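Below are the chains, spelled out letter by letter.
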Amino acid sequence: MLAWTIYSSFIGAALLMVLPRQHASLPRIVALVTAVLGLCLAFGGAIHMGSGELRTIVRVPWVSALGIDYHLGADGISLTLVVLTGLAAVAGILFSWNIATRPHEFFALYLALIGGVYGVFLSLDLFLLFVFYEIAIIPKYFLIAIWGSTRREYGAMKLALYSFAGSAMVLIGLIAAYVAAGSSTMNLMDLSAANFSRGFQMWAFPVVFIGFGVLAGLWPFHTWAPTGHVAAPTAASMLLAGVVMKLGAYGCLRVAMVLFPEGMDVWGIKILWIGSWRDVFGLLAVIGIVYGAMVALVQKDLKFVIGYSSVSHMGFVLLGLMTLNRVGLSGAVLQMFSHGVIAGLLFAVVGRMVYDRTHTRLLPELQQLHLNRTMPFAAVTFTLASMASMGLPGFSGFVAELQVLIGAWRAFPTLAVMTGIGILLGVAYSIRALHQAFFPDQVKTAAPAGPEDPVGNPISVSERFGVWLLIAASLLIGLFPGLLLQWIVPALQGPMFEALKKGGNW
Amino acid sequence: MSSIDYLRLLQLAAPETFLTLTGLMVLAVDLIVGRGSAPGTRIILSGSVAATGCLLAAGGLFLLPVYGTFAAGMLVADPLTVLIKVSLVILTLFTVLLAFSDAAPLADPGEYFALLLFACVGMMFLTSAEDLLMVFLALEFTSLSLYILAAFNKQSPHSTEAGIKYFLFGSISAAFMLFGLSLVYGVTGSVQLPEVAAGLARAGNDPLALVALVMIAMGFGFKVAAVPFHLWAPDVYQGAPIPSAALIASGSKVASFFVFAKVVVIGFGGAPAAVGSGAAPVWVILLGIMAAVSMILGNLAALVQVSVRRLLAFSAIAHAGYMLLGILAGTEGFGPLVYYVITYGLATVGAFGVVSIVQARTGSDRLCDFAGFHRRFPVLAFCMLIFMLSLAGIPPLAGFFGKFYVFAAAVKAGSLALFILALATSTVSLFYYLQVLKQIYVGETADASHWEPVPITVSVALLAMAFGVTLLGCFPDLLLNRITIALRITGF
Amino acid sequence: MNGFPILSLLTLVPLVGGLILLGLHSRQHQLARRLALAFSGVSLLGVLLLCGWFDTGTESMQFEERYGWIDALAVDYRLGIDGLGLLMVLLTGIVVPMALAAAGPVPDRGPAYFGLVLLLQSGLFGTFTALNFFHWFIFWELSLIPAFFLIKLWGGPQRSAAAIQFFVYTMVGSIGLLLAFLAIYLAVGTFDFMEIAERARQGTLIPALSASVGWYDLTTRQLGFVIFAAAFLGFAVKVPLVPLHTWLPAAYSEAPTATTMLLTGLMSKMGVYGFIRIVLPIFPEALRWVSVPLLWLAVITVVVSAAAALAQRDLKRMLAYSSINHLGYCLLGLFAITSGAAGELVAVEKSAALSGVFLQMFNHGLTAAALFWFVALIEKRSGGLRGLGDFGGLRTRAPVLCGLMGIALFSSLGLPGLNGFVGEFLIFKGVFGLTPWAATLSTLGLLLTAVFILTMIQRVFFGPVNPAWSGFSELTVGERWQVAPVIGLMFLIGIYPQAILGFTNRTVVTMIKAVGY
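Protein sequences, first through last, are from chains A, B and C.
Quick note: the first sequence, position 103, residue 103 per the working numbering, numbers continuous.
Quick note: the second sequence, position 25, residue 25 per the working numbering, numbers continuous.
Quick note: the third sequence, position 301, residue 301 per the working numbering, numbers continuous.
Take the hints with a grain of salt, since some may be wrong.
Claimed, not checked - According to the in silico footprint, chain B covers these stretches of chain A (three or more CB under 8 angstroms from chain B): (1) 146-160; (2) 164-175; (3) 234-243.
To be verified - Residues on chain B that point at chain A, a partial pick, calculated with CB under 10 angstroms: (4) Thr-17; (5) Phe-18; (6) Phe-70; (7) Ala-71; (8) Pro-157; (9) Phe-382; (10) Ile-394; (11) Ala-410; (12) Val-411; (13) Ile-483; (14) Ala-486.
It should be emphasised that the hints constitute simulated quantities derived from the structure, not laboratory data.
Keep in mind it's a predicted model, so treat the numbers as computed, not measured.
Every residue, glycine too, gets a C-beta built ideally from N, C-alpha and C.
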């Protein structure tokens, strides 16, 4: 059933390409139906799978000469992310209800992207995983370049090239591993059991980790993220931040760490407290958290604030991965889910509700508009999303960050404290954005400087649905994280992560 | 040497013979029936004959292959060469179909189509040759046809320039190659590849052998447009009539690379122990440098191109660099190389086909002429998307799998540094391929003039190629299994 | 255990009410106010029921609820109250309706205002009943958000700065608290307050901490102290303890006065509550090491804030500083308990001090809320003016108002017979026995308090009538009826403190015993 999430998305995309162009509203309905179907399939499949253990869904030979299989499978981590993808997809379409230019192509590319994302999360053959991973690049480019805003072509190209460069690094590691293991299989489990030499793992691990890390917003390779997010149309930013960045983090966990566990061993020498790749990436993750938050604190463009906040939040994921213990890793996966939902919500408010109506995202201009009075729904939504984003308990972000921090306390106490500073900065920029954009002080100029009636059209039903969907998801997971943890934790106990457990601080 | 069995020769060379006859028939038909008709009719007439001939030849080769060796390697027909020949004929077929649209420059369609077929025949002979003399003869036969094809448009100074340039560079490289071949003969006393290999192994560190190798590499370097023998490529790709350029970029490349690999792997294969003294053999270093420089220069130069055909030319240079990796990988790399070069040829012909449509309607092939293309021809724009992405190496298209396969072979053969360089430069390549796609899908143009519709043959050919590229990418086994089996039978 | 979930319901009622109100249209502010009063009335009834059912004879947690929640993290949903919890819940139940009454109609986005107040109430109930850090922290933070918006949206001219300052200060403390508890969780594998306290009592908490969090070369003791400091920070900001108090005057004075009632009456108690419920049982050792510096801080808090109040020219700022001063007594009592030697001899003093602290918390909540209410009533009549120098001779115009406010002021001053006296008396009684020097120094605070309160009375109520206020109106009948029960309660506690202390006696004894003092 899960495999059909991939197929249905691609079928939907193909269908949209051939639909007659006359009906403007047809494509979005088709897209919504496809996405909802995908979400249902994801849920159904997840429930069908029951527990979080690794299970194969399909396995047929594909390129027999090279030992490559068409091998789909899932464990709890995949399930979590597949469900997230389904949610983000549905929400993204709800917030793209007003796409008027070339809707067929928009939704076709959108669904193709979704299909690729589903594919990555469900692939157990690394070749297949890589294929899906790259499939996701091109739709992103066009979604931004055609339907984007601020410097869209630059943002799109930067994103595409960064992604491609990252995937080139991944490919280096994958091919090297493939050859080193005897060129007979690309199966994840088989390769992870291949016993690569320590020296090989020591260079392959950072290469692959950085390769995937580029997409996960690993500092200092994150610079595509803010520009890309800002340039993208709302639905694409939601997907970019919501699921595409997760592709990178997922790859870091599923490929880099599982294939090359010894790559995280200590070097034997210490350079300024740093004694292994694990320390390096842990530190980079925390720098990402703090740096992202600090930069977000001084942005003038509201979307940039959120763009940088994504970098900051993804830092938690990477930090969680590097803690190498169960709590930290499950926190990282939970944070992937949580950030996917929350970032989606934030981008939806800024891109769809505010920008599409006021045509500005600049904080000084928004200040003139008194959005808390003219657009109370948007203001309330943004407030809730900010609360979730700053990691207030009750929302999913809290449980995730909590676990990451617990893991970090064990692995890197100093970094845990620095992360605390990052959280504070997160509070600061969220409050600042909230204050300036939605709840400004009464400004002396009585007449708003912006368009006469910034609320030309009221918040539509589809937007409301989207908002409720995402807020409900965040709250549900915030209050009952067990729903996801019951999948994630057994997955982490599985044989795939056996080698990581040997690190000794599981 | 015993007397020559002509019947056997006819059997083995049946497809070539058939295509030659078709070529003559095209000429005859154009002369007899076409004279006096409108140019459009003449194109359709002679083109259909040529296309039918190609189709029949490909079908014959595919369904009723004849295997054997004639005159100690003068003409070898084994599963591998047959596979290459089939793909050559198919590429020629597509080229012929593309020529249907390029209405203006074809003053003499009969001759043009005939020359396309003759060039194809030359390439097929090239593929079959395991004898250095035969290699040279076939190479020259192909080249002569291609020189004329490049210069075919007599009205266009660019075309003439392309022809002359191609001719001059080609002759010089041919001279080098001939010189190299003669040295090989002098050193080893044979022109047959297996014996050459044995002779080279005996010769040890003979400086003459080294010079010969360098010369031959230069000759082939020219044919495949590898840096630093690439200078002709941009002008020819830009100036020649588009079907000619397409054939030069695809068919000629397939055949040349195949023979190059054969000469290197079979002929020089014995050399490593001899030439190199502990370190890598000289030809490996030489080809390695050629590959590296081609990848770097080709990709970087392509970044700044405004003309799409020049862009494709530099991309071709870059791809030559990747393919050299396959040659460097030795026997391991043979299969990947064949896969790569065939799929590359397919995507390139397709790309040239789309360019020809734009050029026929706007008169130029600048990037900005592609703006808004997707509104006019959404299906063809989608085809172009597939070709470009395949060239860039994006899955699930054939180009990606080719790259993966070649790179894996390269890593296996130990050229890790080149492999990393290749991946790094291929990242750069995405930029310029996306530039084309950006114009097509994102670019907006004020020009709302009506473009005449695309001939059905061209559309069908482009769709077929796009389909092929996608199919081979999604199911590489379709081609890969054949290559693997052929390689196994042939003994690689 | 897991009987009728009255504590959950108590938390849920205002939560549901708040959400309903937030959904109302902004024109329905009258309806909103009535609904809010109804919901808080129901809550008050619930609390009174709770008081009735509360068994004063047992020392364990009562009305306990415990359900598995997040298995992967071993988090239970665990609620329960002892005397302290009951006291705080009772205070919340009383002060919220007062604040709602004081707010009057709020024409500007009324439903949102009342909704947020109810949400705040829910957060407070949750905080005071939670026994597991995980959801305790949820409520702790949940209460922050409504407070932030109440200040941000309905406050005075400087409200944005005040709100943000308030929020960020509190968050700094919260992060410290969070980090500390995560480290503790890592060490003991549970978030449960009672279990952690149990580990601390056995003396295994700090060693476990050091075993699981190897941080540089800190010794076990140093590490324990670092973790303690982080947790301490969280509560010290909230109370606040000088020098972490700088957010408070701005927040209290900029907030709408009805909101200030909640801030001072209830939210400041969260800090003290946290000290007693969490810091005291979990970090007894660390508290003991630094008890002398902390006592100094408490003394400074008491004296400096009283002196600062004297210098204020704004009624609300004056009362804000007086609030810091009163809570300083609580901390004084608390820290004094940790300083002295253990043993039967001082147990009486310690019990007295702790009882005093409990009582003082309740009294201050009641009195300070009442005082701000009176300020609100004055503001309503003066059109927002509340400077000390703006008034004069109000007594002649509005004798009832002045009389009732005078009672509240004297209660704040600690006049015997009124509630304020008993708490302060018990605290000083205990502290004198334990650390005489601190008690002696703190009496200076008492003196200064008397001075500024009398000044206030003199400047506002007496003196020549400011001609601008010749039309100053008396309390209406409705207002009198609203205020009367509160004043009555002040007298009741002043005369019969056992009404409150009865609930807490066992708890005090248990706590003193449990922490080994």
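Verification of the supplied hints:
1. Only residues whose C-beta sits within less than 8 angstroms of a C-beta in chain B count toward coverage, and the region 146-160 of chain A has 4 of them, enough to reach three; the restraint holds.
2. Under a criterion of three residues with beta carbons nearer than 8 angstroms to beta carbons of chain B, the stated coverage of the region 164-175 of chain A is upheld, 7 such residues being counted.
3. Check on the region 234-243 of chain A: 0 of its residues sit with their Cβ under 8 angstroms from a Cβ of chain B, so the three-residue criterion for coverage is violated.
4. Annotation: interface hint on Thr-17 of chain B violated; nearest CB of chain A at approximately 34 angstroms, more than 10 angstroms.
5. With a least beta-carbon distance of about 32 angstroms to chain A, the hint placing Phe-18 of chain B at the interface is violated under the 10 angstroms criterion.
6. A least Cβ separation of about 30 angstroms between Phe-70 of chain B and chain A goes past the 10 angstroms threshold, and the interface hint is therefore violated.
7. A least Cβ separation of about 33 angstroms between Ala-71 of chain B and chain A goes past the 10 angstroms threshold, and the interface hint is therefore violated.
8. Taking 10 angstroms as the C-beta contact cut-off toward chain A, the hint placing Pro-157 of chain B at the interface is violated, the least distance being around 35 angstroms.
9. Annotation: Phe-382 of chain B was flagged as interfacial toward chain A, and the flag holds, the nearest CB pair being 8 angstroms apart, inside 10 angstroms.
10. About 5 angstroms separates the beta-carbon of Ile-394 of chain B from the nearest beta-carbon of chain A, less than 10 angstroms, and the hint is met.
11. Among the interface hints, the one on Ala-410 of chain B holds; its C-beta lies about 9 angstroms from the nearest C-beta in chain A, closer than the 10 angstroms criterion.
12. Look at Val-411 of chain B: its Cβ gets to within about 5 angstroms of chain A, closer than 10 angstroms, so that hint holds up.
13. A distance limit of 10 angstroms between C-beta atoms decides the matter here; for Ile-483 of chain B the minimum to chain A is near 8 angstroms, and the interface restraint holds.
14. For the restraint placing Ala-486 of chain B at the interface with chain A, the shortest Cβ-Cβ distance is roughly 12 angstroms, beyond the 10 angstroms limit, so the hint is violated.
Checked against the numbered hints given earlier, the structure breaks hints 3, 4, 5, 6, 7, 8 and 14 and satisfies all the rest.
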